[in-house]
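With the hints as extra help, turn the sequences into a complete structure.
So you can see what is in the structure, the chains are spelled out below.
There are 2 protein chains.
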Amino acid sequence: MQTLQVRTPSHAYPIHIGKGLLADFSLFAPHIGKKAAIVTNTTVSALYAGALEKLLRDNGVETFSIVLADGEAHKNHQSLLQIYDALLAHRADRKTAVVALGGGVIGDTAGFAAATYQRGVPLIQIPTTLLSQVDSSVGGKTAVNHPLGKNMIGAFYQPQAVIADLDTLTTLPEREFSAGMAEVVKYALLGDAAFLAWLEENIGGIMRQDADLLAQTVAHCCQMKADIVAQDETEQGIRAHLNLGHTFGHAIEAEMGYGNWLHGEAVAAGMVLAAELSRVQGCLNAGEVARVSALLRAAALPVVPPEFPFERWLAHMRHDKKVQNGQMRFVTLRRLGEAQVSVLDDENLLRQVLSA
Amino acid sequence: MQTLQVRTPSHAYPIHIGKGLLADFSLFAPHIGKKAAIVTNTTVSALYAGALEKLLRDNGVETFSIVLADGEAHKNHQSLLQIYDALLAHRADRKTAVVALGGGVIGDTAGFAAATYQRGVPLIQIPTTLLSQVDSSVGGKTAVNHPLGKNMIGAFYQPQAVIADLDTLTTLPEREFSAGMAEVVKYALLGDAAFLAWLEENIGGIMRQDADLLAQTVAHCCQMKADIVAQDETEQGIRAHLNLGHTFGHAIEAEMGYGNWLHGEAVAAGMVLAAELSRVQGCLNAGEVARVSALLRAAALPVVPPEFPFERWLAHMRHDKKVQNGQMRFVTLRRLGEAQVSVLDDENLLRQVLSA
Chain A
1 MQTLQVRTPS HAYPIHIGKG LLADFSLFAP HIGKKAAIVT NTTVSALYAG
51 ALEKLLRDNG VETFSIVLAD GEAHKNHQSL LQIYDALLAH RADRKTAVVA
101 LGGGVIGDTA GFAAATYQRG VPLIQIPTTL LSQVDSSVGG KTAVNHPLGK
151 NMIGAFYQPQ AVIADLDTLT TLPEREFSAG MAEVVKYALL GDAAFLAWLE
201 ENIGGIMRQD ADLLAQTVAH CCQMKADIVA QDETEQGIRA HLNLGHTFGH
251 AIEAEMGYGN WLHGEAVAAG MVLAAELSRV QGCLNAGEVA RVSALLRAAA
301 LPVVPPEFPF ERWLAHMRHD KKVQNGQMRF VTLRRLGEAQ VSVLDDENLL
351 RQVLSA
Chain B
1 MQTLQVRTPS HAYPIHIGKG LLADFSLFAP HIGKKAAIVT NTTVSALYAG
51 ALEKLLRDNG VETFSIVLAD GEAHKNHQSL LQIYDALLAH RADRKTAVVA
101 LGGGVIGDTA GFAAATYQRG VPLIQIPTTL LSQVDSSVGG KTAVNHPLGK
151 NMIGAFYQPQ AVIADLDTLT TLPEREFSAG MAEVVKYALL GDAAFLAWLE
201 ENIGGIMRQD ADLLAQTVAH CCQMKADIVA QDETEQGIRA HLNLGHTFGH
251 AIEAEMGYGN WLHGEAVAAG MVLAAELSRV QGCLNAGEVA RVSALLRAAA
301 LPVVPPEFPF ERWLAHMRHD KKVQNGQMRF VTLRRLGEAQ VSVLDDENLL
351 RQVLSA
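Order-wise, the sequence lines are chains A and B.
Take 1 as the starting number for the first sequence in full-length UniProt numbering and just add one per residue.
Take 1 as the starting number for the second sequence in full-length UniProt numbering and just add one per residue.
One should not assume that every hint holds.
Note that identical chains are pooled: a pair holds if it fits in a single copy or bridges any two copies.
Stated by the list, open to error - Calculated lysine to any residue pairs in the SDA-like style (CA-CA distance at most 20 Å, straight line): (1) K34 - V304; (2) K19 - D210; (3) K322 - A12; (4) K95 - P122; (5) K54 - L214; (6) K19 - A215.
Worth flagging that the hints you see were computed from the coordinates, not collected in a lab.
The structure is reproduced here in structure tokens:
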């Protein structure tokens with residue numbers, strides 16, 4: 001097991017990464033009181049909730065599960081109200097821990113419920129997908145979607161601990177594994193050219209889920225995320241770089257209906273568009289854009305966005321959270337391994353990228 | 001105009017108290033960008049929203065109003081979703097200020113919307129009732145009610161500024177003015193015996209809304225609140241004292257249906273019960289309990305709770321946010337002018353107080 005530390009102005013907490021962690025009560029003990037609510041979905045519940053409930057109960061923790069419908073389409077206010085209702089029905093109080101057991105949707109939804117139930121209760125993140133292990137479980141962003149925009153309602157709320165058990169990845173469908181790889185590639189592109197080269201070299205082994213390569217990959221991404229969050233907890237500056245590919249990606253997800261394109265798939269196609277935008281800005285050359293595409297294709301990810309009218313792209317992107325005083329802002333690449341935030345004042349550049 | 005400062009670990013901000021403040025753009029300018037959403041209710045909108053919209057627009061701020069139904073019954077998720085929908089429809093972004101124009105319900109609901117829209121946008125509190133000027137607009141508690149409990153869903157989120165215009169109290173119905181006085185009396189009881197004596201002496205003038213006495217009252221309560229919040233922003237300790245009378249009060253509000261007893265009325269009856277609990281604990285004598293009742297009666301407030309079964313009281317109070325690991329906790333008085341938090345391990349004490 002490796003343990004990293006996330007240090008923010010508001011809080012410090014550990015990320016544990018390794019195998020067999022869901023059977024180790026000592027990782028939970030410092031963060032849990034007499035009662036805990038496990039928030040999970042129908043798929044993950046069938047695989048892991050029973051054993052986790054037993055672990056907690058055998059150690060004297062009164063435990064109940066809240067099982068949401070599976071999928072991005074359910075990352076909404078209805079799921080949130082389902083969690084609140086269950087917490088109140090079970091008389092959860094301010095010391096009751098919320099344990100988020102699942103992927104990014106569960107982590108974000110349960111995390112926001114924990115942030116707002118009685119103005120905040122302890123939260124433990126147990127990410128069970130590659131995407132949530134390398135990205136969404138770390139750093140305290142929580143949110144649900146609104147019909148008019150992804151992650152529009154949320155809070156910055158740090159967990160007490162993140163417990164990333166690599167064994168849970170063995171039950172992950174291949175398509176979900178690939179979706180997680182999109183965020184892995186994102187870290188390389190936005191901030192670490194050496195990691196990009198390492199990924200290109202090892203992508204075959206990682207996709208076969210070689211245990212050592214996978215552990216290195218998860219730990220490296222978590223460390224990068226922890227470093228960025230430590231510098232900028234509430235996204236006043238550098239944290240925005242983590243949105244590489246996400247402005248385009250969110251538009252794809254919203255246009256296609258949440259869940260039809262997986263978040264990681266939309267981000268993959270979005271990163272190719274961001275790379276292309278960086279090229280028309282004069283920062284990347286065509287060969288570098290092709291290198292981005294090739295790595296994503298090797299991770300079995302889509303690199304071409306779905307076709308829909310330019311006006312629909314604009315409509316979605318104008319709701320992006322990086323918009324400030326009406327101006328659209330994009331994360332682009334200054335070079336492979338270094339991101340920047342660009343204010344887009346010429347819509348034609350965007351039209352050019354999207355019509356290519 | 002008087003200006004007090006609230007300093008918390010997360011943030012520092014001014015409270016402006018005086019007459020004619022709603023016409024002074026210089027108080028808004030430091031906290032507002034290109035766009036602002038005024039959140040108000042049908043009653044307050046008719047009185048003050050037009051002039052405020054004009055002030056902001058005349059100074060170049062794009063402004064739109066979100067008008068909620070009036071009353072505690074509407075401090076719920078439906079109103080919250082109405083605010084989110086309007087913010088998105090008007091393309092509010094992270095720099096768009098939310099201006100809460102109204103009483104405690106508006107401040108709490110709009111405040112929670114500001115805390116969670118895009119994970120947090122600037123918030124300006126303009127309290128227009130005595131209750132919100134002396135209490136709820138200061139300190140960053142935001143929340144909406146759940147059918148199973150008051151203020152169950154919320155966040156700690158500090159405003160950029162509080163602008164308390166005493167002129168707005170002239171349009172306040174007498175019953176609402178009295179409700180605000182309950183919180184004024186609360187401050188005296190929980191932490192300031194000299195202020196209690198001053199209130200007893202001046203209650204007649206205050207109830208006639210003598211301008212100087214009223215300004216002194218509001219400023220004194222805001223200063224006490226600011227001092228307590230500076231010590232304990234997220235209610236780990238002393239801030240709980242501000243809940244004097246509220247555990248009983250919330251039970252009354254929930255049992256009678258939100259809005260039938262005003263919050264301040266329920267708190268008034270609740271403070272008499274808390275005083276009575278302090279008496280059976282051996283801290284107050286019967287004369288001191290009578291002194292509490294007399295002052296509340298002089299403020300035209302109810303001092304006897306509605307009758308309902310003991311089991312209903314218990315059911316409501318077990319959902320109180322001060323419950324920890326299943327134990328009920330009450331704010332009681334060590335003496336007049338000094339509060340404490342008591343763990344209640346003998347339900348019979350409570351039965352005795354409620355059956356008296």
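First find the shortest C-alpha distance between K322 and A12 inside one copy, then the shortest across copies, and answer within, between, both or neither for a cut-off of 20 Å. neither (26 Å within a copy, 25 Å between copies)
How would you label the pair K95, P122 (within, between, both, or neither) given a Cα cut-off of 20 Å? Answer is within; shortest intra-copy Cα gap is 7 Å, inter-copy 29 Å.
Same-copy or cross-copy closeness of K19 to D210 [CA-CA at most 20 Å]: So K19 and D210 pass the 20 Å test inside one copy only (13 Å; across, 70 Å).
Are the CA atoms of K54 and L214 at most 20 Å apart within a copy, between copies, both, or neither? So K54 and L214 fail the 20 Å test inside a copy (28 Å) and across (59 Å) alike.
Can you tell me if K19 and A215 fall within 20 Å by alpha carbon in one copy, between copies, both or neither? within (9 Å within a copy, 64 Å between copies)
Alpha-carbon proximity between K34 and V304, which holds within one copy, between copies, both or neither at 20 Å: Answer is neither; intra-copy 50 Å and inter-copy 37 Å both fail.
Consistency note: the structure conflicts with the earlier hints numbered 1, 3 and 5.
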